[in-house]
Amino acid sequence: MTNANAEFFQSLRGTIMWLPRRDQISHHLDPNLELGAYNHPVVVMSKRPSMDGDVDIFLMTSFGGVGIAERHNRRWLLWHSFIPISPASHPDKATCLRLTKTSPMLKKESYINIRMWYTVSLAALRPYGPGDSSKPVLDEASVEELAELTLFVDLFDVNKPQSEPVAEPEAELEADIAICPTPSDGSESPETLANPELAFSPSRPTLTESPPSPEVSDTSGSPRPETETEAEAVMPESSGPALDRFAALLPEELREEVREKVSQLAEWPSRICAAVWDFCRRATT
1 MTNANAEFFQ SLRGTIMWLP RRDQISHHLD PNLELGAYNH PVVVMSKRPS
51 MDGDVDIFLM TSFGGVGIAE RHNRRWLLWH SFIPISPASH PDKATCLRLT
101 KTSPMLKKES YINIRMWYTV SLAALRPYGP GDSSKPVLDE ASVEELAELT
151 LFVDLFDVNK PQSEPVAEPE AELEADIAIC PTPSDGSESP ETLANPELAF
201 SPSRPTLTES PPSPEVSDTS GSPRPETETE AEAVMPESSG PALDRFAALL
251 PEELREEVRE KVSQLAEWPS RICAAVWDFC RRATT
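Here UniProt numbering is used: position 49 in the sequence shown is 49, and no number is missing along the way.
It is possible that part of the hints are untrue.
[Unchecked claim] Calculated lysine-lysine pairs in the DSS-like style (CA-CA distance at most 25 Å, straight line):
#1 K135 to K107
#2 K108 to K135
#3 K261 to K135
#4 K135 to K101
#5 K47 to K101
[What the hints assert, rightly or not] Label-pair ranges, simulated between beta-carbon atoms:
#6 K107 to M51: 17 to 23 Å
#7 S89 to A123: 30 to 36 Å
#8 G53 to S134: 20 to 26 Å
#9 P87 to L29: 16 to 22 Å
#10 K107 to D139: 15 to 21 Å
#11 A147 to P251: 58 to 64 Å
#12 H80 to L29: 20 to 26 Å
#13 Q24 to P87: 16 to 22 Å
#14 K101 to R126: 20 to 26 Å
#15 R98 to H27: 33 to 39 Å
#16 D139 to M51: 48 to 54 Å
In case anyone wonders, no lab produced these hints; they're calculated from the structure.
Note that beta-carbon positions come from the ideal geometry of N, C-alpha and C, so glycine has one too.
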């Protein structure tokens, strides 16, 4: 790529060019737009072409030189689909885009159609006027305002800022363990917040290392922890000693209700399996 081409591509964003008549575009370059889009000026929004030579554009129109208020005097809802370029006026918009100070004036008062943007081959476009030295270009503030109003995103800009790197899973896991609350009131101690490495002291268990708990046997002969708190209780089974121990932690007036709810939940896996089996049987017969 020559220096001249590189400079042109660097200043491509906001450049006003011309989309010729359809019969003047090579068949392999034809963007296949609606017929009314051809033979009109366009504004290029891509900073540089894609690897395939494509750019994103917005269509422009002068409404035949009569202005939007006269052309759509009764279809006022269409007014919001067009933004004027100074010195064109708009009856219902405070926004007015401007050309750079060194840009030549447009041939007619023009408006940008913001309803949607199109992707076309850069090779299918022509300069707006004679020669490339006097091409009209929107100033930077106008381009930014146009992109903001239309939510335009330049997907062809390989140098656009990248998103923040995603933290590694190990780092996230260590951070979660480091801020795990230890005081009885649920808050983190100041020394741990200031020194996260204290969270991995031998006195504090990690996910891969848990302190041994003394075990005793209950009346059934199976070992269980000596003490059991609400934090240590897990989802109980639908019946049996596990449910009894879980219910013992609850207020007396809630025990029967919890037993009933757990029993109902325990029936769902079998119901789901039966429904899936019935569906498969019907599908294969």
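Hint check results:
1. K135 to K107: 12 Å, holds
2. K108 to K135: 15 Å, holds
3. K261 to K135: 74 Å, violated
4. K135 to K101: 12 Å, holds
5. K47 to K101: 20 Å, holds
6. K107 to M51: 17 to 23 Å: The hint (17 to 23 Å, Cβ to Cβ) is violated, given that K107 and M51 are roughly 33 Å apart.
7. S89 to A123: 30 to 36 Å: 35 Å, holds
8. G53 to S134: 20 to 26 Å: The hinted range 20 to 26 Å holds for G53 and S134, with Cβ atoms some 24 Å apart.
9. P87 to L29: 16 to 22 Å: 33 Å, violated
10. K107 to D139: 15 to 21 Å: Given range 15 to 21 Å: holds, Cβ gap about 19 Å.
11. A147 to P251: 58 to 64 Å: 60 Å, holds
12. H80 to L29: 20 to 26 Å: 32 Å, violated
13. Q24 to P87: 16 to 22 Å: Distance hint for Q24, P87 is violated at roughly 30 Å.
14. K101 to R126: 20 to 26 Å: Cβ of K101 to Cβ of R126: about 24 Å, so the range 20 to 26 Å holds.
15. R98 to H27: 33 to 39 Å: For R98 and H27 the Cβ distance comes to about 37 Å; the hint holds.
16. D139 to M51: 48 to 54 Å: Once the Cβ atoms are compared, 28 Å apart, the range 48 to 54 Å for M51 and D139 is violated.
Hints 3, 6, 9, 12, 13, 16 from the list above are not met by this structure, while the remaining hints are.
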